[in-house]
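A.B. asks: Construct the entire structure; sequences and hints are all you get.
Those sequence lines, one after another, are chains F and C. The numbering used here applies: residue 777 is where the first sequence begins, and numbers increase by one. The numbering used here applies: residue 4 is where the second sequence begins, and numbers increase by one.
Note that these hints are calculated values from the structure, not bench results. Any given hint could turn out to be false.
What the hints assert, rightly or not - Here are the simulated DMTMM-like cross-link-like pairs (lysine to aspartate or glutamate), alpha carbons at most 25 Å apart as the crow flies:
id, chain 1, residue 1, chain 2, residue 2
1, F, Lys910, F, Asp922
2, F, Lys1014, F, Asp794
3, C, Lys98, F, Asp1196
4, F, Lys806, F, Asp854
5, F, Lys1150, C, Glu97
6, C, Lys98, F, Asp1234
7, F, Lys845, C, Asp148
8, F, Lys779, F, Glu870
9, F, Lys1077, C, Glu62
Stated by the list, open to error - If you anchor each label on the Cβ, the simulated ranges turn out as follows:
id, chain 1, residue 1, chain 2, residue 2, range
10, F, Asp1171, C, Asp110, 42 to 50 Å
11, C, His76, F, Gly1284, 36 to 44 Å
12, C, His76, F, Ala872, 49 to 57 Å
13, F, Ala1031, C, Glu158, 43 to 51 Å
14, F, Glu810, C, Gln17, 49 to 57 Å
Backbone N, C-alpha and C define an ideal beta-carbon position, used for all residues, glycine too.
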Amino acid sequence: MIKVYVPRDSTALSLGADRTAKAIIAEAQKRGIEIELVRNGSRGLFWLEPFVEVGTNQGRVAFAPVQPKDVSGLFDADFLHAGAHPLNLGLTEELAWLKKQQRLTFARVGITDPVSLEDYLAHDGYKGLHNALKMSGADIVKTVTDSGLRGRGGAAFPTGIKWNTVLGAKGEQKYVVCNADEGDSGTYSDRMIMEDDPFVLIEGMTIAGIAVGATQGYIYLRSEYPHALKVLNETIGKAYVAGYLGDDVCGSGKAFHLEVRRAAGAYVCGEETSLLESLEGKRGLVRFKPPLPAIEGLFGKPTIVNNVISLATVPIILDKGAQYYADYGMGRSRGTLPIQLAGNIKQGGLVELAFGATLRELLYDFGGGSATGKPIRAVQVGGPLGAYLPESQFDTPLDYEEFTKIWAVLGHGGIVAFDDSVDMAKMARYAFEFCAIESCGKCTPCRIGSTRGVEVMDKITSGKEHANNIQVLRDLSDTMLNGSLCALGGMTPYPVMSALNHFGEDFGLKQTETAA
Amino acid sequence: MVTTLTAVDLEKIQAHITAHKDVPGALLPLLHAIQDDIGYIPEEAYPLMAKGLALSVAEVHGVVTFYHHFRTHPAGKHVLQVCRAESCQAMGSEKLEAHIKSILGIDFHQTTADGAITLEPVYCLGNCACSPAVLIDEELYGRVDSQKIDEIIQEARSSS
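C.D. replies: Encoded structure:
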């Protein structure tokens, strides 16, 4: 039977994928044609959603974007046999946008039915866990360390070293916590993994648990992701039934239990210690470190806290080996980064590449420039706490250390483009406003500084004691940068100061005054 | 405190407390269960939750008020969340936000007079390749312009 694929990813749904799927089913019935409709994940070419594919002998052929009104015409053109049609894009695998990528973490995303365990197994699923079950905990940790994998949530701390601390920590109960509180604007790779290939996250967390002797895992999922919640609960249930979770994982005698916990709309809970407080049922106040969560984490027990992408990358490392993964990348940034193109961009979507590609390649070769067709004036990389970069920095390679050199961060790999209509003073003000809304209130620089920042920005834009207030802005940023307890207050100066230093004209500064 | 809770609601709340009292870190899951069920977290329920989970009423109040997601008063029939984050701003969400406020005649955190729609800001819906985005109840929309939002609101009003 001919298979027709219509994605069930949130972005596809937000552009009408359910209506498209219904129209295809109805039209097939009307014409008496039998088809099998698969709700796959998204290939990540989001500007082309709903992205419909048809299975043929040559491979899957793409038709996109397909709205219900196009469906009857597609049947007329015999799209079920890859017939000629203006929406026929040819073989999906041959699309340059996909062909140029190096998909390791996202190897299955868009190809498989996310809630089908059979599909997962048929596409190399659970090979990593089976290898891990034959290894000692120390050897699993060493493999992750040797792969060079660093925390993909943004902090870029070596994952293996974190695991090793938990492995060595004494404790009858240990935990694995997945940080799925993906709150950064311009990022959606965690969401895609959870909706489009959830078993890879479940497998990664299971491997983490087996490695360090943790028997309970929690996925702390943001409440803004209702679709991801449903998919995770459904697939965790299937993993239990099939023996991939529970008291005896794959007959190994080792236990690993997994549960999704819903967050409640607090950005600061993406900070790991605040997240742990929240999981314990408390206000999400940031904790002092030390002690590290690896020593005293959830309920005071040794805890691995990793981002979704970090954990979802573990299975392929355990499947293909540390060296296979480490062979990708540059410098100390090993492997690949799932990059998310967002904002004012013509071809937005998920691009997984080895570290080292430049922003310019991403914005223009993949992104196709701005959506509005105007010049891209600024990009913010790494979420609301990331720096704004001007065109002169677009040749910076995506690499943790290269970004640090230009006082910027790669963060979670989100790239938000702005065209030349953007007012950077307004964006700086917004950074403070956001920090004020989301501050947990524990430390003064963040709690008070963010509100003072909004006030100072208002004075600057209204021209009140201009030179004086520019200096106040710099001093305030310095205080927040050096005096805040966590990255929320500590990194709000990144968007603010980068906007001031690169786009001083928006702050009423003359060219000569900008490079302070 | 004025009691407005019906006996049925109280019974539901008590059942959720009983179901959650032995869960580690129970308070957030409990609050979600209550809000999913009756639409908000009534202040009258704080002492019940505190007793059930061996917490102080102040602790319960502290947690409820810390998180943007929890509400202490009933919302309208539909909750419309409009993204205010950077990616959506880059695609004109400010204009969209102003349009929505003007056609609904309300500001953020308010409910329309007919009780149909509560308007809330949200900071990222993870739909950033197709900004601007809105979420109505659990239905996500991308590339939303003023025409599309009018349709979405119309549809919500007629379905209620």
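A.B. asks: So, for every hint listed, does it hold in this structure?
C.D. replies: Hint check results:
1. Lys910/F x Asp922/F: holds, 18 Å
2. Lys1014/F x Asp794/F: holds, 24 Å
3. Lys98/C x Asp1196/F: holds, 17 Å
4. Lys806/F x Asp854/F: holds, 15 Å
5. Lys1150/F x Glu97/C: Given pair Lys1150/F, Glu97/C holds - Cα atoms ~19 Å apart, limit 25 Å.
6. Lys98/C x Asp1234/F: The given pair, whose Cα atoms are some 20 Å apart, holds under the 25 Å limit.
7. Lys845/F x Asp148/C: It holds: about 20 Å lies between the C-alpha atoms, which stays within 25 Å.
8. Lys779/F x Glu870/F: holds, 19 Å
9. Lys1077/F x Glu62/C: Since the Cα atoms of Lys1077/F and Glu62/C sit roughly 22 Å apart, the hinted pair holds (cutoff 25 Å).
10. Asp1171/F x Asp110/C: 42 to 50 Å: holds, 44 Å
11. His76/C x Gly1284/F: 36 to 44 Å: holds, 43 Å
12. His76/C x Ala872/F: 49 to 57 Å: Taking Cβ atoms as reference, His76/C and Ala872/F lie about 53 Å apart, which means the hint holds.
13. Ala1031/F x Glu158/C: 43 to 51 Å: Between Ala1031/F and Glu158/C, where Cβ atoms are some 47 Å apart, the hint holds.
14. Glu810/F x Gln17/C: 49 to 57 Å: About 52 Å separates the Cβ atoms of Glu810/F and Gln17/C, which means 49 to 57 Å holds.
When held up to the earlier numbered hints, the structure conflicts with none and fits them all.
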